[in-house]
Amino acid sequence: MMGAAAWLVLRRRGGLFGVGTEAVRKVEVDGSKVLIRLDQHVLQADEVVSLCQIRTGRRLGSVGRRMLPPGSLELAISDHGPLILIDAGSPPPMLTVAPADETHEQRTGCPERGRLANLDGALDGHEEHERHDVTKHHSLEDGSLEDNSLEDNSAREDSLRNRSSLRNQSVSLGGRSVEVEHEDAVHRTEWTGGPSDGDSAGQTSR
Amino acid sequence: MHHDPEAARGEGRRYLVVRTGSSSCALDLTMVRRILRSVTLFKVPGSRPALLGLAQWGGEPLAVIDLQAELSGGRPVRSPDQVVVVVEIPGEEPETLGLMVDEALDVMRIPDTAIRSDPQGLLHGEVVSGEGVIRVLRLAALGHE
Chain D
28 MMGAAAWLVL RRRGGLFGVG TEAVRKVEVD GSKVLIRLDQ HVLQADEVVS
78 LCQIRTGRRL GSVGRRMLPP GSLELAISDH GPLILIDAGS PPPMLTVAPA
128 DETHEQRTGC PERGRLANLD GALDGHEEHE RHDVTKHHSL EDGSLEDNSL
178 EDNSAREDSL RNRSSLRNQS VSLGGRSVEV EHEDAVHRTE WTGGPSDGDS
228 AGQTSR
Chain V
14 MHHDPEAARG EGRRYLVVRT GSSSCALDLT MVRRILRSVT LFKVPGSRPA
64 LLGLAQWGGE PLAVIDLQAE LSGGRPVRSP DQVVVVVEIP GEEPETLGLM
114 VDEALDVMRI PDTAIRSDPQ GLLHGEVVSG EGVIRVLRLA ALGHE
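In order, the protein sequence lines correspond to chains D and V. With this note's numbering applied, the first sequence covers 28 to 233. With this note's numbering applied, the second sequence covers 14 to 158.
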């Protein structure tokens, strides 16, 4: 069994998949799809079904590894039916979003440069403040503080603390940059996706 | 194959004979755990075509494979009276699987000497019985390409 105690259960093309919540950095609702941002990958789901704790999983043997999508680690049972627990470091390709499919805003959390320029007239007196925040946010997402516009070391230290906080405790939802505590985010995710009837994905063999 | 004392005494190993498509196949009975008439399958996108889906059995997840599709390399063909044979494949990583077949026919004892051995993938060999040719399978090969 893998280390994560809690799993985010996703539905994608009728299948159920679980990803360890410790690997989840951000959950966004984008129209009819849900994007789950991990450290190195972005997963795409049709819905987030639930958050659950799974104590026992069944490790895949050679047949399971051959038959199931690559990136599958274990099989387990959830309230919604059997599911595949995936490797967050190497998820199944059918769950991942190709980088080219993401918009600049999805990749960086910032509007594109042209879009910023269009906002110039509307920002008025808030322009400097907004630009500063955007730059700061951008640098946090990139993990790089080399080219940002922070002015002094204390601000830089604050930024580093903020980054640590983002990494470890907070998740934003809905593409609206709603920063919330991790547990709250998970509950919101459950509410947003809405639990669904697991049997709807199943079919009886006779 | 699994250790079978009766087979070791030369009396022949016992097999569950199933029908899948137009052929009969013999499964080592020591690996068979249960025959299920009905299971609810949850599909797994991105998997091999022969994997019909995941089911629950005894509170555990169970991968269910279409035996005919696995043998032929074709796509699964479903019919309403199919059954799932639950098998446990021994080895370093014991694995419990469901095999969807059209019908469970009989249990019969087949001496090793009666099997025309010609191992090819999942197929161990063939034996001729009064009802035709029975393909003897080696389930341990399910995990191999």
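Honestly, the hints are just simulated from the structure, not real lab data. Backbone N, C-alpha and C define an ideal beta-carbon position, used for all residues, glycine too. A couple of the hints might just be wrong.
As the list claims (entries may be wrong) - Simulated crosslink set (SDA-like; lysine to any residue; CA at most 20 Å straight-line):
#, chain 1, residue 1, chain 2, residue 2
1, D, 53, D, 104
2, V, 56, D, 96
3, D, 53, D, 67
4, V, 56, D, 92
5, V, 56, D, 98
6, V, 56, D, 86
7, V, 56, D, 121
8, V, 56, D, 67
9, V, 56, D, 88
10, V, 56, D, 41
11, V, 56, D, 105
12, V, 56, D, 93
13, D, 60, V, 59
14, V, 56, V, 82
15, D, 60, V, 58
16, V, 56, D, 116
17, V, 56, D, 71
18, V, 56, D, 74
19, V, 56, D, 85
20, V, 56, D, 84
21, V, 56, D, 39
22, V, 56, D, 56
23, V, 56, D, 104
24, V, 56, D, 73
25, V, 56, D, 53
What the hints assert, rightly or not - Across the chosen pairs, the derived CB separations fall in these ranges:
#, chain 1, residue 1, chain 2, residue 2, range
26, V, 124, D, 120, 44 to 52 Å
27, V, 71, D, 32, 48 to 56 Å
28, V, 61, D, 117, 39 to 47 Å
29, V, 91, D, 80, 45 to 53 Å
30, D, 86, V, 62, 22 to 30 Å
31, V, 129, D, 117, 42 to 50 Å
32, D, 116, V, 93, 25 to 33 Å
33, V, 86, D, 116, 43 to 51 Å
34, D, 80, V, 131, 47 to 55 Å
35, V, 90, D, 52, 39 to 47 Å
36, V, 129, D, 40, 37 to 45 Å
37, D, 86, V, 86, 44 to 52 Å
38, D, 40, V, 43, 34 to 42 Å
39, D, 92, V, 32, 27 to 35 Å
Outcome of the hint check:
With a C-alpha separation of about 25 Å, the suggested pair residue 53/D and residue 104/D falls outside the 20 Å cut-off, and the hint is violated. Between the alpha carbons of residue 56/V and residue 96/D the distance comes to roughly 12 Å, so the proposed pair stays at or under 20 Å and holds. Straight-line distance between C-alpha atoms of residue 53/D and residue 67/D comes to about 12 Å, which keeps the hinted pair within the 20 Å bound. Under the criterion of a C-alpha separation no larger than 20 Å, the hint pairing residue 56/V with residue 92/D is consistent with the structure, at around 16 Å.
Taking the CA atoms of residue 56/V and residue 98/D, the gap is about 17 Å. The hint holds against a cut of 20 Å. At most 20 Å may separate the alpha-carbon atoms for a hinted pair to count; residue 56/V and residue 86/D meet this at roughly 19 Å. A hinted pair counts as satisfied when its Cα atoms are at most 20 Å apart, and residue 56/V with residue 121/D qualifies at roughly 14 Å. For a cut-off of 20 Å, the pair hint linking residue 56/V to residue 67/D is broken: about 27 Å separates their Cα positions.
Among the hinted pairs, residue 56/V with residue 88/D is consistent with the structure: their alpha-carbon atoms are about 19 Å apart, no more than 20 Å. Between residue 56/V and residue 41/D, the direct Cα distance comes to roughly 7 Å. Compliance with the 20 Å bound is thereby established for this hinted pair. The straight-line distance between the Cα atoms of residue 56/V and residue 105/D is roughly 15 Å, inside the 20 Å bound, and the hint therefore holds. For the proposed pair residue 56/V and residue 93/D, the alpha carbon gap of about 16 Å is at most 20 Å, so the pair holds.
As the CA atoms of residue 60/D and residue 59/V are separated by approximately 18 Å, the hinted pair is consistent with the 20 Å bound. Distance restraint check for residue 56/V and residue 82/V: the Cα-Cα separation of roughly 16 Å lies within the 20 Å cut-off, and the hinted pair is therefore satisfied. In summary, the hint linking residue 60/D to residue 58/V is supported, as the alpha carbons are separated by about 17 Å, within the 20 Å threshold. Of the pairs offered as hints, the one joining residue 56/V and residue 116/D is violated, with about 23 Å between alpha carbons and a cut-off of 20 Å exceeded.
Distance check on the hinted pair: residue 56/V and residue 71/D sit about 18 Å apart at the alpha-carbon level, within 20 Å; holds. This hinted pair checks out: residue 56/V and residue 74/D have alpha carbons roughly 16 Å apart, not beyond 20 Å. The straight-line distance between the Cα atoms of residue 56/V and residue 85/D is roughly 18 Å, inside the 20 Å bound, and the hint therefore holds. Distance hint between residue 56/V and residue 84/D is fulfilled; the C-alpha atoms sit about 18 Å from each other, no more than 20 Å.
Of the supplied pair hints, the one linking residue 56/V and residue 39/D holds, its CA atoms being roughly 10 Å apart against a limit of 20 Å. Taking the CA atoms of residue 56/V and residue 56/D, the gap is near 24 Å; set against the 20 Å cutoff, the hint is violated. A hinted pair counts as satisfied when its Cα atoms are at most 20 Å apart, and residue 56/V with residue 104/D qualifies at roughly 14 Å. Distance restraint check for residue 56/V and residue 73/D: the Cα-Cα separation of roughly 15 Å lies within the 20 Å cut-off, and the hinted pair is therefore satisfied.
At most 20 Å may separate the alpha-carbon atoms for a hinted pair to count; residue 56/V and residue 53/D exceed this at roughly 27 Å. Checking the proposed 44 to 52 Å range against residue 124/V and residue 120/D shows it holds: the Cβ atoms sit about 47 Å from each other. Between residue 71/V and residue 32/D the beta carbon distance is about 24 Å. The supplied range of 48 to 56 Å is therefore violated. Distance hint for residue 61/V and residue 117/D: a CB-CB separation of about 18 Å, inconsistent with the stated range 39 to 47 Å.
Taking 45 to 53 Å as the suggested C-beta distance range, the pair residue 91/V and residue 80/D does not conform, at roughly 35 Å. For residue 86/D and residue 62/V, the Cβ-Cβ distance of about 24 Å falls inside the hinted range of 22 to 30 Å, so the restraint holds. Distance hint check for residue 129/V and residue 117/D: the Cβ-Cβ separation is about 44 Å, which falls inside the suggested range of 42 to 50 Å. For the pair residue 116/D and residue 93/V, the supplied restraint of 25 to 33 Å is violated, since their beta-carbon distance comes to about 42 Å.
Take residue 86/V and residue 116/D: their Cβ atoms lie about 32 Å apart, and the range 43 to 51 Å is violated. For the hinted restraint 47 to 55 Å between residue 80/D and residue 131/V, the CB-CB distance of approximately 50 Å keeps it satisfied. In this structure the hint that residue 90/V and residue 52/D lie 39 to 47 Å apart at CB holds, the actual value being about 44 Å. The hinted range of 37 to 45 Å is satisfied by residue 129/V and residue 40/D, whose Cβ atoms lie roughly 44 Å apart.
Taken as a hint, the range 44 to 52 Å is violated for the pair residue 86/D and residue 86/V, whose Cβ atoms sit roughly 27 Å apart. For the pair residue 40/D and residue 43/V, the supplied restraint of 34 to 42 Å holds, since their beta-carbon distance comes to about 38 Å. For residue 92/D and residue 32/V, the hinted distance range of 27 to 35 Å is satisfied, since their beta carbons lie about 29 Å from each other.
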